[in-house]
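A.B. asks: Residue numbers (our numbering), protein chains in the order written: chain A, 1 to 123; chain B, 1 to 241.
No lab work stands behind these hints: they were computed from the structure. All residues carry an ideal CB built from backbone N, CA and C; glycine is no exception.
The following residues of chain B were derived to be distant from chain A, with all beta-carbon distances above 12 Å:
{"no.": "1", "residue": "Met2"}
{"no.": "2", "residue": "Asp3"}
{"no.": "3", "residue": "Lys4"}
{"no.": "4", "residue": "Asp6"}
{"no.": "5", "residue": "Leu8"}
{"no.": "6", "residue": "Leu11"}
{"no.": "7", "residue": "Thr14"}
{"no.": "8", "residue": "Arg35"}
{"no.": "9", "residue": "Tyr240"}
Sample of chain A residues at the chain B side, in silico, Cβ under 7 Å:
{"no.": "10", "residue": "Leu8"}
{"no.": "11", "residue": "Leu9"}
{"no.": "12", "residue": "Gln12"}
{"no.": "13", "residue": "Leu26"}
{"no.": "14", "residue": "Leu36"}
{"no.": "15", "residue": "Leu37"}
{"no.": "16", "residue": "Ser62"}
{"no.": "17", "residue": "Ile65"}
{"no.": "18", "residue": "Pro67"}
{"no.": "19", "residue": "Leu68"}
{"no.": "20", "residue": "Gly69"}
{"no.": "21", "residue": "Ala89"}
{"no.": "22", "residue": "Val91"}
{"no.": "23", "residue": "Leu98"}
Below are the chains, spelled out letter by letter.
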Amino acid sequence: MIDGLLILLFFQFLGEVVIRLTGIPLPASVVGMVLLLLALLLNVPFSQRVAPAAGALIKHISLLIFPLGVGIVLQWHRYEDYALALGVAVVLGTLLSLVLVTLMLKKLLGGKHGESAGGRHDG
Amino acid sequence: MMDKLDSLAGLVHTPLFGILLTLASYRFALWVYGRSNSLPLFHPFLVASIPVIIVLPLVGVDYEEYRDQTTLISFLLGPATVALAWPLYRQLHTVRSVLTPILIATVLGAFISAAIAVGLAWWLGAPAEVVGSLAPKSITTPIAVEVVQSTGGFVSLAAGAVAITGIVGALAAGPIFRLLKVTDHRIKGFALGLVAHAIGTARAFEYGEKAGAFAGLALGLCGLVTAMALPWLWPWVAQYL
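Next up, chain A with everything else stripped away, as it sits in the complex (with noise of 0.2 Å):
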């Protein structure tokens, strides 16, 4: 766990650094994100320790973001005059995306390796 702790750390840090260096405007975890993904191709050593970190991260990301999503309510005034185009974009943006890459990936993955059929059944 600290293993794991100190590696996303230290890459989150190395995306800083690289940001400050090249100017590029990217979010520092971002960069660092990369970073870690091309240390872990390459299997760099120590690398798979951040697993159990990784994986505890992600597992409770909602704690780590509603604090934010609170906004949106105690602050609803500053929201309010634009509530029908917010819901509009979300909630039509949505569905309407969801059918657009369906169709899209239909025609990009669909009969490839011969597995486009449902037949086939896991789980």
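With chain A's structure known, arrange chain B on it following the hints.
C.D. replies: Just chain B now, with coordinates in the frame of chain A:
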């Protein structure tokens, strides 16, 4: 006696109170979620918010203060984002054979989701900050709240939009897949992960291991692609808002 009561009332203005309230609400939400058999509508993000939203106004703590109290918790979002490299690494192996179409699908899909949200909000007259908050709504929350800073949006709004997107996507997936006659579990999983991030991924696992793996991969790749592209593209988009 009054002194003691005053110092007791002052307790609500400490980080200890904020963090205790947050953790207790989350624990309660986990219990509810388990009881509901993991129904998307009872996702911990929504349920955990309710006690906090009720208690804070009652004890006279405003949202800004609560955010300050819980910085210890939000700090962990950084390492949690870095941590996403782990599942991404694990799932890249499982899909090596279809990697190229998957990468194409990710770029197109990430663009579709963001463009639809931005387009609809803009068309309905939302101001630039609100539109900017919605641009990353299909990507996993830790990345979304980072990216939203480069689009000039509100963190709270982005976090909420992401959560509702996940819930709507997970609820609508069944009917939409039936309507479009999708039987391939890879497509179901990938579409869910791409549009509805972590909540969609949880839904995808109900279709099976393979759907779940594809969803997890889509979640990671879509977050990555959006985080890489949006900060560069946004200044160009913003001049039309």
